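Engineer: Work the whole structure out from these sequences, hints included.
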Amino acid sequence: MTETLTIGKALNLGLRRAMEDDAKVVLMGEDIGKLGGVFRITDGLQKDFGEARVVDTPLAEAGILGTAVGLAMRGYRPVCEIQFDGFVFPAYNQIVTQVAKLHARSKGRLPMPIVIRIPFGGGIGAVEHHSESPEAYFAHTSGLKVVAVSTPADAYWGIQQAVAHPDPIVFLEPKRRYWEKGQVDTAGSSGPLFASRVVRAGDDVTVLAYGPMVKTALQAAEAAAEEGRSLEVIDLRTISPLDLDPVYASVRRTGRCVVVHEAPLTLGLGAEIAARITETCFHSLEAPVLRVGGYDTPYPPSKLEEEYLPDLDRVLDAVDRSLGF
Amino acid sequence: MSTLSQATEVVDPVPGADAPHLPDQPDLVQLLTPEGERVEHPDYALEVSEEELRSLYRDLALVRRWDVEATALQRQGELGIWASLLGQEAAQVGAGRALAADDMAFPTYREHGVAWTRGVDPLHVISMFRGVDQGGWDPVATGFNLYTVVIGAQTLHATGYAMGMQRDGAESAALAFLGDGATSQGEVNEAMIWAATFSAPVVFFCQNNQYAISVPIERQSRVPLYRRADGFGFPGVRVDGNDVLAVLAVTRAALAAAREGQGPTFIEAFTYRMGAHTTSDDPTRYRLASELEEWKLRDPIARLKAHLSRSGIADADFFAAVDAEGDELAVRIRRGTLEMPDPAPTEIFDHVYAEQTPELARQRAEFVSYHASFEGEQ
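Protein chains in written order, with the working numbering: chain A, 1 to 325; chain B, 1001 to 1378.
Simulated from the structure, these hints should not be mistaken for lab results. This one's a predicted model, so the numbers in the text were calculated from it and none came from an experiment. Honestly, I wouldn't trust all of these hints.
A few chain A residues that face chain B, going by a derived Cβ cut-off under 10 Å, partial list only [as the list claims (entries may be wrong)]:
#: 1; residue: T57
#: 2; residue: G70
#: 3; residue: P166
#: 4; residue: L242
Every residue gets a Cβ at the ideal spot worked out from N, C-alpha and C, and that includes glycine.
Structural biologist: Here it is as structure tokens:
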């Protein structure tokens, strides 16, 4: 059955289905129960599944993740909501030193099937700490997996796949796109979680994006087409592990690549991706891999965020520079 | 005085450090005096058979023998480091022996005495300090989690695990170990807030051994630690940590209350780290020899031995047999340590994820082929 859903509603339905499928799934977070979450992603779930499975927690992010570790040891599958990206740092110790390492240090005896949902990225006119893109911190940590969704269909299926997955996953939700609509086949099935996907075919330049920047990249491709330039857009979908085989295949055809993310440029995902493309596709490249990202500054006050965030024009500028080599 | 000398003038004491500390030291729960005399406590009656008393002594003595052997092995270069439990045997054995089989313990990195009571092979603990693995025992089968090195992080795990027990309708409890220094950690305070809020069946067992490496308890708390529990809304009790009977009685009662749905308890086991923080530490830099001498008079093993001898529960033959068993244990630990094989180099790639990712598989293959390139070289 195909339905038109927003990303937010698709996540809500996906979580509901994950809870129906497995009684061990427990949702934990601040304001997720009675209120349904500040973005309403868990709306109605506590009413239907009870307070033991949809837990309004004390206001303590390390507590959310630390107790999730204990619940996971006991056989539960905690899904933790971090209210905003900038508030994940109190939990960073538990995520990096405990969640990420326990499977390895226990030689597989202590699986950590924990999902850490984080609304991430800017563009909503918020005050500080509500617009950040912390994905590189997590992608740099072995033992964690990191995914970012960009469509309602990926949101609906991706959250269910993440909950069922045995490893801990940082699940990044593009908060400014929560209200974007798309078609979701809720009766169908989905592709693998850890796979990138070509979302627009093209021949001249390969543009890579994930999360909120996928839409921006597609808009850039639309505009470029009017000028007779053909951009291939790939939604990376998974940030750790990266799935770059489709990227390599694309770059070998186009010879040019632009990576787009909201996170600051230095040591962002673009740096790792550029290095790998250079190592793997060196002889096919017509231009260096270019990056479009946030600047190496703190996230600015919201009156300036449109200047800080990559947009259609900055992507096209990088495409022009790539074609100029 | 020049500006420079003013700027470099040593401020001593540290501003605020002369504030009143530990205004009163209330009586400890005690069932065995330092002289080995059995006394009663109105709140903590303990029925303990002669057989149990002998077996508690055996645990204390064997754990100390293990610890002494491990320290020696480190001094001889066979272990990278060792965190000695010297002086804390009664706190650990008493707490460990209070656990039921389906309870779960969450240790720091010093709970060798608890490990012993859970049936963990000493060599599985030693392997971590030798650098062979991160702890070789099965935490689920033994009911004894892996050691946690990040101070206090395990108190949240214990609380979450206890919340799982609650959801399972299990009549069991979690026992979270921590030290005096850990009580300053935010995560420990979060754990106590969560445990109280959800009335989780978890007991916080704090061994106050007076020092966090070199920093004395006065730098962690202005009130006796057990009184912290008041602020979280659950009972706190201070027990003589060098009295194995009192620790057993107090921990048993707290675990029973937790299992019955009465929520958490904070136990402060007042004890002393008679050795160094670890084999890398030099306690002569921060504490007086006289202090150590004073605590030696409260030795946890000597007092139980005095009680057993004086009351005729154990004779010289028994003590000689335990000593001999300790020496056999030491031989087994020494031999097992020396014979412990190094891990295969490729093990670093194992178990990072449930299933190896393509990138890790690629790095592993590169690692294997790089090392193979040296084969045949002199």
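Engineer: Taking the hints in turn, state whether each one holds.
Structural biologist: Comparing the hints with the structure gives:
With 10 Å as the threshold, the beta carbon of A/T57 comes within range of chain B, its nearest partner Cβ sitting at about 8 Å, so the hint holds. At about 2 Å, the closest approach between the beta carbon of A/G70 and any beta carbon in chain B falls short of 10 Å, and the interface hint on this residue holds. At about 4 Å, the closest approach between the beta carbon of A/P166 and any beta carbon in chain B falls short of 10 Å, and the interface hint on this residue holds. The beta carbon of A/L242 is positioned within 10 Å of a beta carbon in chain B (closest approach about 7 Å), and the interface hint is therefore held.
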